[in-house]
Amino acid sequence: MSGLTLTVLAGSALLGCASGVVGAFSILRRRALMGDLLSHAALPGICLAFLYAAGERDYHTLLAGAFLTGVLGVALVTFVCRWTRTKEDAAIGIVLSTFFGGGIVLSAIIQKLPGGRVAGLERYIYGQAANMSRGDVQTIAIVSVAAILVVLLLYKEFKLFSFDAGFARAQGWPTLALDLTMMSVLSLVAVVGVKTVGVLLVPALLIIPGATARFWTNRLGLMLFLAAVIGACMGAAGTLISAGLLTDWLGFDPLAFGRNRAPLPTGPIIVLSGTALFLLSLAIAPERGILSRLLALVRLRRRTAQENLYRTLYELSEPRLPELPVVPLPALAAERSWSPRQLSSLLKTADRAGLIARAPDGVRLTPAGLLSAAAITRAHRLWELYLIQGANIATDHVDRDADSIEHLLPPEIVDALAAELARRGRLPGAPAAVPSSPHLLPAQTHPANPQHA
Amino acid sequence: MIAPPNKRSMTLPAAHTPDRSAPTANQQGALPPGVSPTAGPPPIEVHDMTVAYHRKPVLWDIDLVVPPGKLVGIVGPNGAGKSTLIKAILGLVPLASGKVEIFGRPYAQQRHLVGYVPQRETVDWDFPVTAFDVVLMGTYGRLGWFLRPNARERQRAAEVLEQVGMSAYADRQIRQLSGGQQQRVFLARALAQDAQIYFMDEPFSGVDAATEQAIVELLQTLRSTGKTVLVVHHELQTVRQYFDHVILLNMRLVAAGPTSTTFTTENLQTTYGGRLTILDQAAEALRRGEGAP
Numbered sequence: 001m002s003g004l005t006l007t008v009l010a011g012s013a014l015l016g017c018a019s020g021v022v023g024a025f026s027i028l029r030r031r032a033l034m035g036d037l038l039s040h041a042a043l044p045g046i047c048l049a050f051l052y053a054a055g056e057r058d059y060h061t062l063l064a065g066a067f068l069t070g071v072l073g074v075a076l077v078t079f080v081c082r083w084t085r086t087k088e089d090a091a092i093g094i095v096l097s098t099f100f101g102g103g104i105v106l107s108a109i110i111q112k113l114p115g116g117r118v119a120g121l122e123r124y125i126y127g128q129a130a131n132m133s134r135g136d137v138q139t140i141a142i143v144s145v146a147a148i149l150v151v152l153l154l155y156k157e158f159k160l161f162s163f164d165a166g167f168a169r170a171q172g173w174p175t176l177a178l179d180l181t182m183m184s185v186l187s188l189v190a191v192v193g194v195k196t197v198g199v200l201l202v203p204a205l206l207i208i209p210g211a212t213a214r215f216w217t218n219r220l221g222l223m224l225f226l227a228a229v230i231g232a233c234m235g236a237a238g239t240l241i242s243a244g245l246l247t248d249w250l251g252f253d254p255l256a257f258g259r260n261r262a263p264l265p266t267g268p269i270i271v272l273s274g275t276a277l278f279l280l281s282l283a284i285a286p287e288r289g290i291l292s293r294l295l296a297l298v299r300l301r302r303r304t305a306q307e308n309l310y311r312t313l314y315e316l317s318e319p320r321l322p323e324l325p326v327v328p329l330p331a332l333a334a335e336r337s338w339s340p341r342q343l344s345s346l347l348k349t350a351d352r353a354g355l356i357a358r359a360p361d362g363v364r365l366t367p368a369g370l371l372s373a374a375a376i377t378r379a380h381r382l383w384e385l386y387l388i389q390g391a392n393i394a395t396d397h398v399d400r401d402a403d404s405i406e407h408l409l410p411p412e413i414v415d416a417l418a419a420e421l422a423r424r425g426r427l428p429g430a431p432a433a434v435p436s437s438p439h440l441l442p443a444q445t446h447p448a449n450p451q452h453a
Numbered sequence: 454m455i456a457p458p459n460k461r462s463m464t465l466p467a468a469h470t471p472d473r474s475a476p477t478a479n480q481q482g483a484l485p486p487g488v489s490p491t492a493g494p495p496p497i498e499v500h501d502m503t504v505a506y507h508r509k510p511v512l513w514d515i516d517l518v519v520p521p522g523k524l525v526g527i528v529g530p531n532g533a534g535k536s537t538l539i540k541a542i543l544g545l546v547p548l549a550s551g552k553v554e555i556f557g558r559p560y561a562q563q564r565h566l567v568g569y570v571p572q573r574e575t576v577d578w579d580f581p582v583t584a585f586d587v588v589l590m591g592t593y594g595r596l597g598w599f600l601r602p603n604a605r606e607r608q609r610a611a612e613v614l615e616q617v618g619m620s621a622y623a624d625r626q627i628r629q630l631s632g633g634q635q636q637r638v639f640l641a642r643a644l645a646q647d648a649q650i651y652f653m654d655e656p657f658s659g660v661d662a663a664t665e666q667a668i669v670e671l672l673q674t675l676r677s678t679g680k681t682v683l684v685v686h687h688e689l690q691t692v693r694q695y696f697d698h699v700i701l702l703n704m705r706l707v708a709a710g711p712t713s714t715t716f717t718t719e720n721l722q723t724t725y726g727g728r729l730t731i732l733d734q735a736a737e738a739l740r741r742g743e744g745a746p
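Which chain is which? The protein sequence lines are A and B, in order. With the working numbering, letter number 137 in the first sequence gets 137, and the count goes up by one each step, no holes. Numbers in the working numbering are just positions in the second sequence, counted from 1, shifted up by 453.
Partial chain B-side listing against chain A, Cβ under 7 Å, derived: (1) Leu-543; (2) Leu-545; (3) Arg-564; (4) Tyr-569; (5) Thr-575; (6) Val-576; (7) Phe-580; (8) Pro-581; (9) Tyr-593; (10) Gly-594; (11) Arg-601; (12) Gln-626.
Keep in mind that the hints were calculated from the coordinates and are not lab data. Every residue gets a Cβ at the ideal spot worked out from N, C-alpha and C, and that includes glycine.
With the rest of the complex left out, here is chain A (with noise of 0.2 Å):
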């Protein structure tokens, strides 16, 4: 690896870091749409920049143009909304297209003038990692740093401002002072990193790291820091596939369609990276992943049918009891217009788990499944009084699915409905028995009728 690549390297990671991590924060006030206010913003004052320094193509007059304008168009976004009834993304729109056409205008301009064919000034439209001089990646190093300092020193401040800031502010904090300081340090590494990826693709960097991070944690310091790493690695995953790292790796080019050499282009291989980390976050992070979420769907339905099944059995067994009649396979299928292929699904699971047995013509409960059926009966039949009687207990514990909720309550609160009802002299028969069915009980005349199943 040449010594400029390394360069290239740590100047995209470091930037990606310290976007991540203001990013995160700009996501969680949801604000992201301000990344993309402060960039479009910043090409005219790039232009301007320019102009004004006639020529000289200095790094950081064009940052200090970029900022100016970037904090210009956060101000008329905030005043347009003060002032007129415009929403905020309405005004964001605008402002930014505004800008964003000014600036294009402006390099247009300055490309017809003597000498403005080398200003070079589209790099900062689509960004131009793989030129990021010594110079570029220490102007990038000393903002990252800052920024993220800044985060690191205010992080209290900034947690509480961001999650509630009228708290914030009873408590005495300044949070407009807060909120500047919040949109200074965003406004700082968004125009540092226009160079690098293009105004075009700096929202990327601000969001992807932060909205991929949210996947794995519920903890905003353990957030911000997966947040800072991810950045860091779509920077140097971006600016090593550019390099040809892929090609070094496979020793042939994956990417390199037909004959074409030319390299690809960094600033899109960040953002592209950044996307890839980001679809699998959402495909397999714990709990807010798509992956685990079906899952625990297909759980909850196998073990409602699985459920259903014992309180079919129970009820068709209900007459007879305590003896343990053989149940007809039809009888049991009409009763929930199970398909066959399903039922005997069913029936092979509960047969495993011992808690049925199989007779010639039918099947029927074990006195181990007699029991789980009663309780999951009881359980059943509790709930469905309750909701006939009008639910007045904490609905706390109870703010699942309706459908799925007499599957997932926990035997004490079973129990505490039990002593509920019973306390209303609503419960027929001793609180631990099973009740017999509400729907024979002179209560069903009931319009309301819970029966859902």
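Place chain B on chain A using the hints.
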């Protein structure tokens, strides 16, 4: 008795300093110098306050004195400015005119004496913090700039979580709590502020009966230790039962005083502009028939 000037809060630049870092000795329960529950300036004094949103006045000419050690309900119809009254006292919305004094001084100097429970809907409950983290935020004001919560703050947070019956949920992300539990967390955060006056914006909205009862008991405990508690309240039926002092509000102050003499059908009709429902009136009549306070 003449209150000696509170030197600590006097020497601090008011606007940009969050609550002073409290001296370790002066803990919760201890009143600041010059403040006693029976003598001295009242906890809250509002003079001539007018508040406007976008030039439209929301509160007019409010004059109000809240006595110490009372559980005060702020009652009025929707849009009466109940929340705005609290926010204006706390400096969260600008005053068009008038002034507010907390124990005889401007609010900016007295923030450390005030605890706040905002409406539950004002925050994003998906925020990556635990119940414990949120409660810890109550101690931030005392900590001041840059300092991180320490063992002492953590212990206080654990105590107040216990007090609201939420110890078991300390490590839960706040989205995974029910509405009532979230409200308890907000309450615990205010308790962690160790204040003399508490402002609560609809703490009973969207909570279950058990939580409502628990909150009421907690408020009564606060009152019994000499704190003053102001609660924005919606349910007319429970006003008599919960509060010993009421503020009836409908853009103007209709009446304020002890519940027994102030919470009258007449005052209520003025407050609600005749919009008091028959049900409310019937409930009122029943209560009086029962010889309630």
